[in-house]
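Participant: Sequence:
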Amino acid sequence: MPVTSSSAKARQYRQPHLDGEQLPMELHQVRYFLAVASTLNFTRAAEQCNVTQPALTKGVQKLEQELGGQLIYRERQLTQLTDLGKEVLPMLERTLASAEAVRRRAQEFQRKDVAPLKIGLAPSISASLVLDPIAEIAKFVPGLHVELREGAAKKLVDLLLEGEINAAMVGDVQDVPARIDDWSLFEERYVAVLAPTHRLANRPSIGIDDLRETILLERADCDVAVKIQQSYFPDEPPQLGHRSGHDIHLQYMAAAGFGVILVPEHMPRLPTLKTIPLEGDPVSREVRLLAVQGRRYSPALDAFVKVARLRDWSVEVPDRGVPHAAVPEVVRAPT
Numbered sequence: 414m415p416v417t418s419s420s421a422k423a424r425q426y427r428q429p430h431l432d433g434e435q436l437p438m439e440l441h442q443v444r445y446f447l448a449v450a451s452t453l454n455f456t457r458a459a460e461q462c463n464v465t466q467p468a469l470t471k472g473v474q475k476l477e478q479e480l481g482g483q484l485i486y487r488e489r490q491l492t493q494l495t496d497l498g499k500e501v502l503p504m505l506e507r508t509l510a511s512a513e514a515v516r517r518r519a520q521e522f523q524r525k526d527v528a529p530l531k532i533g534l535a536p537s538i539s540a541s542l543v544l545d546p547i548a549e550i551a552k553f554v555p556g557l558h559v560e561l562r563e564g565a566a567k568k569l570v571d572l573l574l575e576g577e578i579n580a581a582m583v584g585d586v587q588d589v590p591a592r593i594d595d596w597s598l599f600e601e602r603y604v605a606v607l608a609p610t611h612r613l614a615n616r617p618s619i620g621i622d623d624l625r626e627t628i629l630l631e632r633a634d635c636d637v638a639v640k641i642q643q644s645y646f647p648d649e650p651p652q653l654g655h656r657s658g659h660d661i662h663l664q665y666m667a668a669a670g671f672g673v674i675l676v677p678e679h680m681p682r683l684p685t686l687k688t689i690p691l692e693g694d695p696v697s698r699e700v701r702l703l704a705v706q707g708r709r710y711s712p713a714l715d716a717f718v719k720v721a722r723l724r725d726w727s728v729e730v731p732d733r734g735v736p737h738a739a740v741p742e743v744v745r746a747p748t
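Counting in our numbering, the sequence shown runs from 414 upward without gaps.
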């Protein structure tokens with residue numbers, strides 16, 4: 414191997430600029446280096462990459478120039494990684510794997526093997542509401558791949574406009590931008606959920622005075638918090654106990670006797686809890702579907718919007734005759 418002076422090495426492996434200039438690193442150079450790193454043999458690495466050995470050697474050398482240092486020792490029959498080579502090896506492995514994953518996903522999308530659908534749900538909207546619509550459209554949308562994201566209604570509107578989600582289901586929301594299509598799906602009441610051992614558990618309904626003397630468990634980002642305050646506590650705040658951003662956490666606390674939670678009627682519930690209506694049904698809200706106006710719908714989004722808008726979301730309550738959202742039950746508590 415020819416002897417290289419230190420000044421020549423400095424010129425050969427000049428440091429890349431640190432002023433924001435992008436490195437023109439190419440994926441085939443990364444692939445060549447990874448092949449050499451796995452085989453520690455340039456001949457076998459070239460065969461593995463299906464290129465000539467001079468082409469592979471040149472690609473590795475260009476990568477070394479871009480990274481500003483030698484990645485591989487080449488001394489006759491001895492080939493091994495330098496300290497720099499060992500340092501960047503896992504990062505370059507992830508780079509190549511990510512690039513190949515992107516290429517596969519793009520190919521699947523072009524072949525329609527994957528039909529992505531991203532749905533945003535407000536914190537008080539249970540995923541149980543979208544299960545039947547998803548199952549319905551999966552019958553005629555091949556490769557349906559649903560992603561559910563939770564966020565406050567205002568945040569979901571921003572995600573819609575940014576194209577991060579395709580549709581959103583929210584409760585009460587104010588100041589919806591003109592660019593957002595807004596469809597009402599159904600109206601539902603709020604009910605009290607509490608442990609069977611709670612002192613109010615045997616009441617046929619719970620009134621204002623009862624709630625004012627009761628510890629309430631607080632739901633973060635509750636979209637009807639203002640309505641509850643105005644209807645039940647116009648003069649003084651409620652007695653708030655524990656707080657959580659997840660309904661299932663609040664249900665476990667209610668089941669342990671820590672307080673009462675006010676939830677939308679559709680919310681799935683632990684079988685160990687009781688549900689009691691509020692006198693006069695003073696608190697209710699509309700569940701709404703949002704999508705961006707004028708934006709071209711994918712087949713998956715088009716199907717979801719149509720199924721959601723045409724779906725009969727209501728059932729008859731025998732003792733009331735009032736339509737409300739179907740109430741699923743959590744059959745088994747998650748571990």
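Treat the hints as calculated values from the structure; they're not laboratory data.
Glycine included, each C-beta is placed from N, C-alpha and C at the ideal position.
It cannot be assumed that every hint is accurate.
In the DSBU-like style, the derived pairs of lysine-lysine whose C-alpha atoms are separated by at most 35 Å in a straight line are [said to hold, decoys possible]:
1. 471 with 687
2. 719 with 552
3. 568 with 687
4. 568 with 475
5. 531 with 567
6. 719 with 568
7. 640 with 687
8. 531 with 499
9. 552 with 567
10. 531 with 568
11. 471 with 567
12. 531 with 552
13. 640 with 552
14. 568 with 552
15. 567 with 499
16. 640 with 475
Ranges of calculated distance between the beta carbons of each label pair, as one might list FRET restraints [as the list claims (entries may be wrong)]:
17. 517 with 715: 19 to 27 Å
18. 661 with 466: 54 to 62 Å
19. 561 with 710: 12 to 20 Å
Participant: With reference to the structure, classify each hint as holding or not holding.
Facilitator: To see whether the hints hold, each was checked on the structure:
1. Restraint check for residue 471 and residue 687: the C-alpha separation of about 72 Å exceeds 35 Å, so the hint is violated.
2. Distance check on the hinted pair: residue 719 and residue 552 sit about 14 Å apart at the alpha-carbon level, within 35 Å; holds.
3. For a cut-off of 35 Å, the pair hint linking residue 568 to residue 687 stands: about 33 Å separates their Cα positions.
4. Of the supplied pair hints, the one linking residue 568 and residue 475 is violated, its CA atoms being roughly 45 Å apart against a limit of 35 Å.
5. Of the pairs offered as hints, the one joining residue 531 and residue 567 holds, with about 17 Å between alpha carbons and a cut-off of 35 Å not exceeded.
6. This hinted pair checks out: residue 719 and residue 568 have alpha carbons roughly 24 Å apart, not beyond 35 Å.
7. This hinted pair checks out: residue 640 and residue 687 have alpha carbons roughly 23 Å apart, not beyond 35 Å.
8. Restraint check for residue 531 and residue 499: the C-alpha separation of about 39 Å exceeds 35 Å, so the hint is violated.
9. Distance restraint check for residue 552 and residue 567: the Cα-Cα separation of roughly 32 Å lies within the 35 Å cut-off, and the hinted pair is therefore satisfied.
10. Taking the CA atoms of residue 531 and residue 568, the gap is near 14 Å; set against the 35 Å cutoff, the hint holds.
11. A distance of roughly 53 Å separates the Cα atoms of residue 471 and residue 567; the hinted pair therefore is violated under the 35 Å criterion.
12. For the given pair, residue 531 sits about 18 Å from residue 552 by alpha-carbon distance, which is consistent with the 35 Å threshold.
13. The straight-line distance between the Cα atoms of residue 640 and residue 552 is roughly 40 Å, outside the 35 Å bound, and the hint therefore fails.
14. Of the pairs offered as hints, the one joining residue 568 and residue 552 holds, with about 31 Å between alpha carbons and a cut-off of 35 Å not exceeded.
15. In summary, the hint linking residue 567 to residue 499 is not supported, as the alpha carbons are separated by about 46 Å, beyond the 35 Å threshold.
16. Of the supplied pair hints, the one linking residue 640 and residue 475 is violated, its CA atoms being roughly 65 Å apart against a limit of 35 Å.
17. For residue 517 paired with residue 715, a C-beta distance near 25 Å keeps the hint of 19 to 27 Å intact.
18. For the hinted restraint 54 to 62 Å between residue 661 and residue 466, the CB-CB distance of approximately 60 Å keeps it satisfied.
19. In this structure, residue 561 and residue 710 meet the distance hint of 12 to 20 Å, their C-beta atoms being roughly 19 Å apart.
Hint check: violations occur at hints 1, 4, 8, 11, 13, 15, 16; the rest are consistent with the structure.
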